[in-house]
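Engineer: The residues making up each chain are set out below.
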Amino acid sequence: MVWKVSLKPYTLIYSSKMTTDKKRTKHLIWTGGLLSLLLLSILASMSIGSVHLPIGLSLRILLNYLPFMPQAGTPVQNAIVWDLRLPRIFLAIVVGAMLSASGVAFQGILRNPLADPYILGVSVGAALGAATSILFFQNTSFLGQLSLPLFSFAGGVISLVLVLVLSEYHGRRERESLILAGVVLQSFVGAFLSFLIAIAGHQMQEIVFWMMGSLANRSWSDVAILIPYFVLGISYLLLQYHDLNVIALGERAATHLGMEVEKKKIWTLVVGTLLTAAAVSVVGIIGFVGLIVPHLMRLLVGPDHRILLPLSTVVGAIFLLWSDTIARTIIPSQELPIGVITAFVGAPFFAYLLKKGLRRGKRESF
Amino acid sequence: MNLFEVTGVSQDYGWGQVLNDISFHLAEGENFGIIGPNGSGKSTLIRVISGLLSPSQGEVRFRGKPVHTYRKKELARQIAVLEQEGTALLPFSVKDVVAMGRYPWLKLFSDINSEDERIIAEVLKTLGLWEVRAKPVNTLSGGQRQLVSLARAMAQQPSALILDEPTTYLDIGHQVLVMQHVRRWYMEQGITVIMVLHDLNLAGQYCDQLLLLEQGQIRAWGKAAEVLDEGTITSVYRTGLIKVNHPVLGVPQFLLASV
Numbered sequence: 001m002v003w004k005v006s007l008k009p010y011t012l013i014y015s016s017k018m019t020t021d022k023k024r025t026k027h028l029i030w031t032g033g034l035l036s037l038l039l040l041s042i043l044a045s046m047s048i049g050s051v052h053l054p055i056g057l058s059l060r061i062l063l064n065y066l067p068f069m070p071q072a073g074t075p076v077q078n079a080i081v082w083d084l085r086l087p088r089i090f091l092a093i094v095v096g097a098m099l100s101a102s103g104v105a106f107q108g109i110l111r112n113p114l115a116d117p118y119i120l121g122v123s124v125g126a127a128l129g130a131a132t133s134i135l136f137f138q139n140t141s142f143l144g145q146l147s148l149p150l151f152s153f154a155g156g157v158i159s160l161v162l163v164l165v166l167s168e169y170h171g172r173r174e175r176e177s178l179i180l181a182g183v184v185l186q187s188f189v190g191a192f193l194s195f196l197i198a199i200a201g202h203q204m205q206e207i208v209f210w211m212m213g214s215l216a217n218r219s220w221s222d223v224a225i226l227i228p229y230f231v232l233g234i235s236y237l238l239l240q241y242h243d244l245n246v247i248a249l250g251e252r253a254a255t256h257l258g259m260e261v262e263k264k265k266i267w268t269l270v271v272g273t274l275l276t277a278a279a280v281s282v283v284g285i286i287g288f289v290g291l292i293v294p295h296l297m298r299l300l301v302g303p304d305h306r307i308l309l310p311l312s313t314v315v316g317a318i319f320l321l322w323s324d325t326i327a328r329t330i331i332p333s334q335e336l337p338i339g340v341i342t343a344f345v346g347a348p349f350f351a352y353l354l355k356k357g358l359r360r361g362k363r364e365s366f
Numbered sequence: 001m002n003l004f005e006v007t008g009v010s011q012d013y014g015w016g017q018v019l020n021d022i023s024f025h026l027a028e029g030e031n032f033g034i035i036g037p038n039g040s041g042k043s044t045l046i047r048v049i050s051g052l053l054s055p056s057q058g059e060v061r062f063r064g065k066p067v068h069t070y071r072k073k074e075l076a077r078q079i080a081v082l083e084q085e086g087t088a089l090l091p092f093s094v095k096d097v098v099a100m101g102r103y104p105w106l107k108l109f110s111d112i113n114s115e116d117e118r119i120i121a122e123v124l125k126t127l128g129l130w131e132v133r134a135k136p137v138n139t140l141s142g143g144q145r146q147l148v149s150l151a152r153a154m155a156q157q158p159s160a161l162i163l164d165e166p167t168t169y170l171d172i173g174h175q176v177l178v179m180q181h182v183r184r185w186y187m188e189q190g191i192t193v194i195m196v197l198h199d200l201n202l203a204g205q206y207c208d209q210l211l212l213l214e215q216g217q218i219r220a221w222g223k224a225a226e227v228l229d230e231g232t233i234t235s236v237y238r239t240g241l242i243k244v245n246h247p248v249l250g251v252p253q254f255l256l257a258s259v
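Listed in order, the protein sequences are those of chains A and B.
In terms of this note's numbering, the first sequence has 346 at position 346, counting the first letter as 1, and numbering is strictly consecutive.
In terms of this note's numbering, the second sequence has 3 at position 3, counting the first letter as 1, and numbering is strictly consecutive.
Do not take every clue at face value.
[What the hints assert, rightly or not] Each pair of labels, with its calculated beta carbon distance range:
| # | chain 1 | residue 1 | chain 2 | residue 2 | range |
| --- | --- | --- | --- | --- | --- |
| 1 | A | Leu-146 | B | Tyr-169 | 29 to 37 Å |
| 2 | B | Arg-71 | A | Lys-22 | 29 to 37 Å |
| 3 | A | Leu-35 | B | Asp-208 | 55 to 63 Å |
| 4 | A | Asp-21 | B | Thr-7 | 26 to 34 Å |
| 5 | B | Lys-73 | A | Ala-224 | 34 to 42 Å |
| 6 | A | Tyr-352 | B | Ser-114 | 38 to 46 Å |
| 7 | B | Gln-215 | A | Tyr-169 | 26 to 34 Å |
| 8 | B | Ser-141 | A | Tyr-352 | 38 to 46 Å |
| 9 | A | Val-161 | B | Arg-71 | 25 to 33 Å |
[To be verified] Over 12 Å on every C-beta distance to chain B, these chain A residues come out as not near it, computed from the model:
| # | residue |
| --- | --- |
| 10 | Ser-221 |
| 11 | His-256 |
| 12 | Leu-308 |
| 13 | Leu-336 |
[As the list claims (entries may be wrong)] With a cut-off of at most 25 Å between alpha-carbon atoms, the simulated DSS-like pairs for lysine-lysine come out as follows:
| # | chain 1 | residue 1 | chain 2 | residue 2 |
| --- | --- | --- | --- | --- |
| 14 | B | Lys-73 | B | Lys-107 |
| 15 | A | Lys-265 | B | Lys-125 |
| 16 | B | Lys-72 | A | Lys-264 |
| 17 | A | Lys-265 | B | Lys-73 |
| 18 | B | Lys-125 | A | Lys-22 |
| 19 | A | Lys-26 | B | Lys-73 |
Don't read these hints as lab results, they were simulated from the structure.
The beta carbon of each residue, even a glycine, is placed where N, CA and C say it ideally should be.
Work the whole structure out from these sequences, hints included.
Structural biologist: Quick look at the structure:
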């Protein structure tokens, strides 16, 4: 079917191409700029710490493994970069990216600007799952290495389902009711975690760790565990940009456009939960990343998930990398839990979003 | 062959029957209006027709096939539906929202191509939205937003268009603008239009066929001039109305009988 219009079609095609190209250029600039920022942040974070290494030196140590390069730095300096700082840096990058992508997915598919895996209690549920696994199933061999992420995922999914059921009323879900349901769940699961800690005895330290969140004392193997979740989960979400955009029109409108809304919703939430749970199972609860970063990026690049999702992923990585760098350096010879840093930034930000939403009225934009 | 065939449709939400044994059909290229008082089941009826809701009883066929057997995207290439919800909450640009109309045509893992771009540009021009294409939709007036929704439906290139009260909350200028664009589309492309209307005068002016619902049942169905009978309308809407003929167009119009 051809639509008849009395226009000069060439000017039309030409100018419409122009706007698309302009948009692509804008996207390229943002992507390039943020990736460079990530690289610079990696170099900076490699140099900062109780032992200061000049950036030039850490860069040369980084290149040691390439063939034909002169060996730089002392063995101790090499160990600091390769065994202490780099694994931690990459863990921060991977976890930050996962939490941030998960936040974008939750907010998009639930059409709720405050939906974030931490605020909805998914993180604390995953932590409870992980704690259960450590306390009762650590020596069960048939699941082996998988038992921790698996329990963590189960805990996250159960929490999410409870929150969604609790916040729904006659097929409608107000944005504040979702937050309230999250608070209820967090208190309950938190109490359960405290109970486990009380009876845990010598494993107490490990569970306390999950409640606070920390990237300290991690190795390359911890990064390796997360890589499959990181690659598969984020790739899946990146491919959903059309659906995440269309659902913004409303669930009925999206259905009328041919979207399988229920199916998409379930899959997106499952993948988002999987990303969060995998991260929690390695580094514990780190709040607010999935809230701060997507909002900041929406302000900067707009709501189109084609660009919002990849950029939020990169910025999530940068954000958590710097949070961790601050956490390990702000007080000399002492580690702060990273959750303290993210909450310090995140809680006031959350308050601002809540207030902004109330002022504008519930139906207004994110 | 009939485009839509509705047979014995009843809908019960659990708190009472909303639709009761509705049967009608319409051919391709018809301009069909659904009228009736608040709560008479109009919105439910179009949700059933558009395949969003499977009725408790009865069946809706589209091109001879039950609507629920179509794949969702397949149906969306044939039928565009504008409900009252449906403007983006997020500050998407006008062009982005219109581009969403291409969603049912996108292949797996592929993006908008140059043909899609051409269609989007034409639609924006046709509805006079070309100048505001880069503006965020949430900064537009209600009337312009409705035009954006209509543009999104046009970009869908459907053969049937279903509208739920497209003129509610609009000023008279935008009411007429929206109706004229729908009419022009219908005249030029021969699409089938089904619209729920509250305004009896707009219904008399823009629809050829009308279906009058009363408490979930069909009270009248036929040519607009026949359905808009003074006695019938007065009894269904329970208010005193006087029917007059439009001095220029000759179509039936209603006036309030008293204050």
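Engineer: Confirm or reject each hint.
Structural biologist: So, going through the hints one by one against the coordinates:
{"no.": "1", "hint": "Leu-146(A) x Tyr-169(B): 29 to 37 Å", "in the structure": "violated (55 Å)"}
{"no.": "2", "hint": "Arg-71(B) x Lys-22(A): 29 to 37 Å", "in the structure": "holds (35 Å)"}
{"no.": "3", "hint": "Leu-35(A) x Asp-208(B): 55 to 63 Å", "in the structure": "holds (59 Å)"}
{"no.": "4", "hint": "Asp-21(A) x Thr-7(B): 26 to 34 Å", "in the structure": "violated (52 Å)"}
{"no.": "5", "hint": "Lys-73(B) x Ala-224(A): 34 to 42 Å", "in the structure": "holds (39 Å)"}
{"no.": "6", "hint": "Tyr-352(A) x Ser-114(B): 38 to 46 Å", "in the structure": "holds (42 Å)"}
{"no.": "7", "hint": "Gln-215(B) x Tyr-169(A): 26 to 34 Å", "in the structure": "holds (27 Å)"}
{"no.": "8", "hint": "Ser-141(B) x Tyr-352(A): 38 to 46 Å", "in the structure": "violated (28 Å)"}
{"no.": "9", "hint": "Val-161(A) x Arg-71(B): 25 to 33 Å", "in the structure": "holds (28 Å)"}
{"no.": "10", "hint": "Ser-221", "in the structure": "holds (33 Å)"}
{"no.": "11", "hint": "His-256", "in the structure": "violated (4 Å)"}
{"no.": "12", "hint": "Leu-308", "in the structure": "violated (10 Å)"}
{"no.": "13", "hint": "Leu-336", "in the structure": "holds (36 Å)"}
{"no.": "14", "hint": "Lys-73(B) x Lys-107(B)", "in the structure": "holds (10 Å)"}
{"no.": "15", "hint": "Lys-265(A) x Lys-125(B)", "in the structure": "violated (34 Å)"}
{"no.": "16", "hint": "Lys-72(B) x Lys-264(A)", "in the structure": "holds (13 Å)"}
{"no.": "17", "hint": "Lys-265(A) x Lys-73(B)", "in the structure": "holds (17 Å)"}
{"no.": "18", "hint": "Lys-125(B) x Lys-22(A)", "in the structure": "holds (20 Å)"}
{"no.": "19", "hint": "Lys-26(A) x Lys-73(B)", "in the structure": "violated (31 Å)"}
Of the numbered hints stated above, those contradicted by the structure are hints 1, 4, 8, 11, 12, 15 and 19, listed in ascending order.
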